[in-house]
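Colleague: Protein chains in written order, with the working numbering: chain F, 6 to 117; chain E, 642 to 756.
Among these hints, one or two may not hold up.
Beta-carbon label-pair distances, calculated as ranges [to be verified]: (1) T102/F with S728/E: 26 to 36 Å; (2) F44/F with D697/E: 26 to 36 Å; (3) S728/E with R112/F: 29 to 39 Å; (4) T754/E with I17/F: 44 to 54 Å; (5) R112/F with T648/E: 44 to 54 Å.
DSSO-like mimics (lysine-lysine), calculated; alpha carbons at most 30 Å apart, straight line [unchecked claim]: (6) K47/F with K652/E; (7) K73/F with K719/E; (8) K703/E with K47/F; (9) K719/E with K104/F; (10) K104/F with K703/E; (11) K104/F with K652/E; (12) K703/E with K10/F.
Don't read these hints as lab results, they were simulated from the structure.
Computed from a prediction, not measured in an experiment: that's the story for all the values here.
Cβ coordinates follow ideal geometry from the N, Cα and C atoms, glycine included.
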Amino acid sequence: QQQVKQSPQSLIVQKGGIPIINCAYENTAFDYFPWYQQFPGKGPALLIAIRPDVSEKKEGRFTISFNKSAKQFSLHIMDSQPGDSATYFCAAYQDNTDKLIFGTGTRLQVFP
Amino acid sequence: DARVTQTPRHKVTEMGQEVTMRCQPILGHNTVFWYRQTMMQGLELLAYFRNRAPLDDSGMPKDRFSAEMPDATLATLKIQPSEPRDSAVYFCASGRGTAYNSPLHFGNGTRLTVT
């Protein structure tokens, strides 16, 4: 049972494009939504995170949009660069369970 | 630069053999998680510990997997007997308190191949 559904599975954009990765969840008890970035041969690393009391969070070229009523959130990468090529995971966390549940990941390739 | 250390980085073994993966969490971190990564399932939570006590191992196949923290600097994940379907990358991650307070820091994983 996949508690956090992520799409697309893979994404190819040209440099300067704006890739968008989408995630959806069912459990309304989730109260923290981070995104992790993973490069080949490495473990995932925290990129940006949002709590459900805000609808958008921006850090540099990375923006999370959050729609609480639709139980969806998405990652936008502005002015994407080849160095952004990586796998991106959305995740959801429920404070009273201590568990961070990940989506299935999106492999992003940014071509020059 | 503090990091989570996992050993070995790669392991190839034959079906039926015992496999032990080790993790050294970041000093001062009191939560430790084991995740398994496959193409089909993404990152699955297998087990986690807080202050060395196992809190949840519901994601692990109980008959063959076991996770322990013999001390605060070492976490282990054992598979006995291993099967080809266990082939995956196993990640250890550590944190301080809850995910709100500090992000999870992942090691670089152990790539396990069971033939």
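Colleague: None of the hints should be skipped; say for each whether it holds.
Modeller: Hint by hint, here is what the structure shows:
1. T102/F with S728/E: 26 to 36 Å: 29 Å, holds
2. F44/F with D697/E: 26 to 36 Å: Since the Cβ atoms of F44/F and D697/E sit about 28 Å apart, the hinted range of 26 to 36 Å holds.
3. S728/E with R112/F: 29 to 39 Å: 19 Å, violated
4. T754/E with I17/F: 44 to 54 Å: 29 Å, violated
5. R112/F with T648/E: 44 to 54 Å: The hint (44 to 54 Å, Cβ to Cβ) is violated, given that R112/F and T648/E are roughly 27 Å apart.
6. K47/F with K652/E: 16 Å, holds
7. K73/F with K719/E: Outside the cut-off at roughly 40 Å; violated.
8. K703/E with K47/F: 28 Å, holds
9. K719/E with K104/F: Given that 30 Å is the threshold and the Cα spacing comes to 21 Å, the pair holds.
10. K104/F with K703/E: 19 Å, holds
11. K104/F with K652/E: Within the cut-off at roughly 27 Å; holds.
12. K703/E with K10/F: The given pair, whose Cα atoms are some 26 Å apart, holds under the 30 Å limit.
The structure fails hints 3, 4, 5, 7 (numbered hints given earlier, in ascending order).
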